[in-house]
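Chemist: Just so you know, the sequences run in chain order P and Y.
Sequential numbering from 12 applies to the first sequence in my numbering.
Sequential numbering from 51 applies to the second sequence in my numbering.
Check before you lean on any hint, since a few could be wrong.
[Claimed, not checked] Just a few of them, taken from the derived set where beta-carbon distance is under 7 Å, the chain Y residues facing chain P: (1) G137; (2) P141; (3) T144; (4) D151; (5) F255.
[To be verified] Rough simulated footprint, nothing fancy, chain Y against chain P, three-plus residues with beta-carbon under 8 Å: (6) 106-115; (7) 302-309.
Everything labelled a hint here was simulated from the structure, so no lab data went into it.
Cβ coordinates follow ideal geometry from the N, Cα and C atoms, glycine included.
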Amino acid sequence: MTTAALRFQRHLPTWRDGLYALALGAAIALCGTAFAATPVPQGPLVTTDWLAQNLDNAKVRVIEVSVNPGLYERSHVPGAVNFSWHSDLNDKVRRDIVGKEAFEALLSKAGVAPDTTVVLYGDTSNWFAAWGAWVFDIYGVKDVKLLDGGRKKWEAENRPLNNRVPEPVATTYRVASVNTQLRARLSDALAVAEGRSDARLVDIRSADEYTGKVFAPAGVPELSVRAGHIPGAANVPWGQAVREDGTFKSAEELKKLYAAAGIDGSKPIITYCRIGERSSHTWFALSKILGYEVRNYDGSWTEYGNAVGVPITNPAGTLWAAK
Amino acid sequence: MRVAGLFSWGLLVAVGVAALALQAQPGGRTLAFSLAVGAVLGVVLQRSRFCFYCHARDWFADGNPRGLLALVLALAVGTVGYTVVLGSWVPVPTAGQLPADMHIGPVSMALVAAGLAFGAGMVVSGSCISAHWYRLAEGSPVAPFALIGSAGGFILGFRTWNPLYSASVADAPVVWLPAHLGYGGALALQLGVLAAIAAWLWRGFAREAPGAAAAPPGVPGLREAWRRLWVGRWPYWAGGLAVGIIGAFVIVRMRPLGVTATLGSAARSLAQGQGWIPDRLDGLDSLAGCATALQATWLTPNAVLIGGLVAGAFIAALASRQFAPRWPTGRDAVRGLGGSVLLGWGAMTGLGCTVGTLLSGGMAGALSGWVFGAAVFVAVWGGVRAQAWRARRAAR
Numbered sequence: 012m013t014t015a016a017l018r019f020q021r022h023l024p025t026w027r028d029g030l031y032a033l034a035l036g037a038a039i040a041l042c043g044t045a046f047a048a049t050p051v052p053q054g055p056l057v058t059t060d061w062l063a064q065n066l067d068n069a070k071v072r073v074i075e076v077s078v079n080p081g082l083y084e085r086s087h088v089p090g091a092v093n094f095s096w097h098s099d100l101n102d103k104v105r106r107d108i109v110g111k112e113a114f115e116a117l118l119s120k121a122g123v124a125p126d127t128t129v130v131l132y133g134d135t136s137n138w139f140a141a142w143g144a145w146v147f148d149i150y151g152v153k154d155v156k157l158l159d160g161g162r163k164k165w166e167a168e169n170r171p172l173n174n175r176v177p178e179p180v181a182t183t184y185r186v187a188s189v190n191t192q193l194r195a196r197l198s199d200a201l202a203v204a205e206g207r208s209d210a211r212l213v214d215i216r217s218a219d220e221y222t223g224k225v226f227a228p229a230g231v232p233e234l235s236v237r238a239g240h241i242p243g244a245a246n247v248p249w250g251q252a253v254r255e256d257g258t259f260k261s262a263e264e265l266k267k268l269y270a271a272a273g274i275d276g277s278k279p280i281i282t283y284c285r286i287g288e289r290s291s292h293t294w295f296a297l298s299k300i301l302g303y304e305v306r307n308y309d310g311s312w313t314e315y316g317n318a319v320g321v322p323i324t325n326p327a328g329t330l331w332a333a334k
Numbered sequence: 051m052r053v054a055g056l057f058s059w060g061l062l063v064a065v066g067v068a069a070l071a072l073q074a075q076p077g078g079r080t081l082a083f084s085l086a087v088g089a090v091l092g093v094v095l096q097r098s099r100f101c102f103y104c105h106a107r108d109w110f111a112d113g114n115p116r117g118l119l120a121l122v123l124a125l126a127v128g129t130v131g132y133t134v135v136l137g138s139w140v141p142v143p144t145a146g147q148l149p150a151d152m153h154i155g156p157v158s159m160a161l162v163a164a165g166l167a168f169g170a171g172m173v174v175s176g177s178c179i180s181a182h183w184y185r186l187a188e189g190s191p192v193a194p195f196a197l198i199g200s201a202g203g204f205i206l207g208f209r210t211w212n213p214l215y216s217a218s219v220a221d222a223p224v225v226w227l228p229a230h231l232g233y234g235g236a237l238a239l240q241l242g243v244l245a246a247i248a249a250w251l252w253r254g255f256a257r258e259a260p261g262a263a264a265a266p267p268g269v270p271g272l273r274e275a276w277r278r279l280w281v282g283r284w285p286y287w288a289g290g291l292a293v294g295i296i297g298a299f300v301i302v303r304m305r306p307l308g309v310t311a312t313l314g315s316a317a318r319s320l321a322q323g324q325g326w327i328p329d330r331l332d333g334l335d336s337l338a339g340c341a342t343a344l345q346a347t348w349l350t351p352n353a354v355l356i357g358g359l360v361a362g363a364f365i366a367a368l369a370s371r372q373f374a375p376r377w378p379t380g381r382d383a384v385r386g387l388g389g390s391v392l393l394g395w396g397a398m399t400g401l402g403c404t405v406g407t408l409l410s411g412g413m414a415g416a417l418s419g420w421v422f423g424a425a426v427f428v429a430v431w432g433g434v435r436a437q438a439w440r441a442r443r444a445a446r
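Hey, can you work out the whole structure from these sequences and the hints?
Modeler: Dropping the structure here:
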């Protein structure tokens with residue numbers, strides 16, 4: 012029997028085995044580092060890669076805000092909490108965003124603490140997740156990010172989903188300050204329309220809604236009695252801010268896109284849409300990615316287009332209920 | 051037989067190819083799932099001859115409880131499955147918060163009327179809408195008329211919807227049992243009621259002659275087991291068990307089972323285009339049930355499910371030599387059209403039929419499902435009694 016065979020038989024460690032063990036240990040440690048929580052990236056977005064590596068990170072709370080009901084229930088990013096845009100983030104009686112106390116209760120139940128990184132995501136390229144980010148910003152939640160690409164990209168990359176509802180340890184979340192500066196009101200929009208304000212309006216609806224050819228997109232109720240747009244508003248449909256995979260275009264591309272419509276950040280901006288949710292997506296691009304001064308007008312066209320005595324621009328000349 | 055067998059294998063392959071092709075569409079994974087589930091459901095319905103009307107008639111006319119027991123089993127299995135799934139969707143059920151997409155509708159006089167009409171329609175046309183779908187694949191001469199008539203019934207339903215909505219539906223309570231009793235309480239109540247119904251139905255066995263056909267002893271060979279799948283019909287309970295399991299599994303990937311949404315949407319689209327029905331159907335699209343909202347595309351999970359159901363039933367009918375097309379007679383046409391107008395009106399007004407409202411609603415713990423089901427069976431009972439009375443009079 013050779014020496015090696017003898018050694019094998021008796022399991023005697025050699026200096027080579029020691030080296031192997033060291034190498035193996037180092038490799039495991041390296042892999043461990045690779046899979047462990049990576050630092051929270053700067054900026055308002057996180058990538059699907061980053062989130063995939065941080066699903067078990069106790070300091071990260073993932074929250075889904077989708078438009079379509081039933082999506083979260085069937086499958087969601089593992090560990091994500093569900094916020095319903097119409098019953099959790101909106102006031103149930105007033106036409107308003109959720110009240111401060113209800114928002115505190117919501118975040119407490121979701122286990123959000125002051126040092127939590129909140130990652131929001133949702134369907135339709137994060138429309139309502141961006142709206143959620145706007146509501147979170149109004150209530151001064153510090154570290155709020157969007158999952159770039161939202162559900163669309165996560166699903167397209169065949170990343171894991173499940174339908175278990177997490178039960179986070181509740182916290183006692185308190186809102187420190189309310190930033191009303193992020194909201195524009197009817198009077199602010201009217202001031203622009205009447206030339207009493209130098210703010211720039213961005214209408215993010217489709218060209219047909221903007222020009223007044225249609226009152227609302229196909230399949231949704233017509234909520235305003237007038238079609239068209241707020242005088243002076245530039246039309247940049249929200250979808251132009253994202254790539255095919257649902258991620259935001261680069262800051263450079265976004266800068267160019269809005270500059271072409273005369274929006275360069277030199278003046279305060281007001282974004283609006285039909286009911287104030289889609290416009291949050293553009294609010295996010297302009298304020299969070301480009302750093303411009305932006306307010307979202309959540310009354311939007313349903314309020315403005317129905318308000319008595321306000322000027323509108325309606326190039327198509329359509330009249331409600333007249334064919 | 052050999053040709054039919056080859057044809058059914060070919061159709062099975064075609065369903066597989068279609069499922070692959072569907073995967074490339076937007077929402078393709080759900081579409082492929084719908085097709086597969088539809089095909090399995092079609093095979094199950096055809097092989098076990100799962101039919102609400104026939105099952106009810108067997109009991110009311112002959113005291114044979116097997117069919118209704120299969121329905122009870124489907125509801126029981128589905129209720130347990132739904133409880134497990136919905137318990138993870140809405141962990142703490144509370145009044146006013148309903149699980150997304152479930153067929154939990156308002157309980158109103160309109161729902162009772164819908165159930166009675168649907169039951170009467172089953173008696174006249176010979177089955178409910180789901181059975182007409184699988185009978186279409188068996189070459190039934192009545193089924194095509196029944197499906198056309200159902201579409202007509204839907205249009206009538208849309209026409210009568212607005213006044214009914216104002217009079218009875220708008221203020222009607224929407225009762226989801228778990229929100230009032232908790233999941234455990236609702237499950238106990240529903241299983242208790244089903245157990246009581248099963249015990250009552252069990253009396254039917256006592257009236258039967260002592261069993262002559264005992265099962266042959268021993269385990270059949272694999273070839274024999276395969277052959278038995280395609281000969282005669284599956285036991286009633288197999289149909290009930292499979293329908294219950296499919297019903298509960300389906301909600302994890304798509305909307306609850308329903309077989310009228312596509313038919314209803316098509317009827318609505320046609321009628322709206324022709325100006326036969328009001329542009330605005332009050333509150334309809336915000337109610338849970340078999341949605342009839344106009345579709346931008348025909349490639350919806352429900353449409354694909356129906357396609358799969360017909361294909362699956364066709365495969366099963368061919369394989370079991372039960373594909374027997376017959377040229378329709380005038381009587382077939384009148385029965386099919388007349389009865390199914392009632393089916394369509396009932397399914398539209400009740401926001402679903404025996405599958406969408408009774409099965410999917412009942413499994414979800416919706417009081418509306420149980421009320422609709424009770425009305426349907428009362429109507430079938432009345433219809434069977436009326437038929438018997440007419441038969442006796444004719445015999446005199």
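Chemist: Each hint should be assessed against the structure and marked as holding or not.
Modeler: Each hint, compared with the structure:
The interface hint given for G137/Y is violated, since its Cβ lies 9 Å from the closest Cβ of chain P, which is over the 7 Å cut-off. Of the supplied interface hints, the one on P141/Y holds, with its beta-carbon coming within about 5 Å of a beta-carbon of chain P, less than 7 Å. Interface restraint check: T144/Y against chain P, minimum CB-CB distance 11 Å, threshold 7 Å, status violated. This hint holds: D151/Y has a C-beta 4 Å from the nearest C-beta of chain P, less than the 7 Å allowed.
At about 41 Å, the closest approach between the beta carbon of F255/Y and any beta carbon in chain P exceeds 7 Å, and the interface hint on this residue is violated. Counting residues of the stretch 106-115 of chain P whose CB falls under 8 Å from any CB of chain Y gives 0; the rule of at least 3 is not met. Here the stretch 302-309 of chain P counts 0 residues with a CB under 8 Å from a CB of chain Y, which misses the bar of 3, and the coverage is violated.
Against the hints set out earlier in the document, violations occur for numbers 1, 3, 5, 6, 7.
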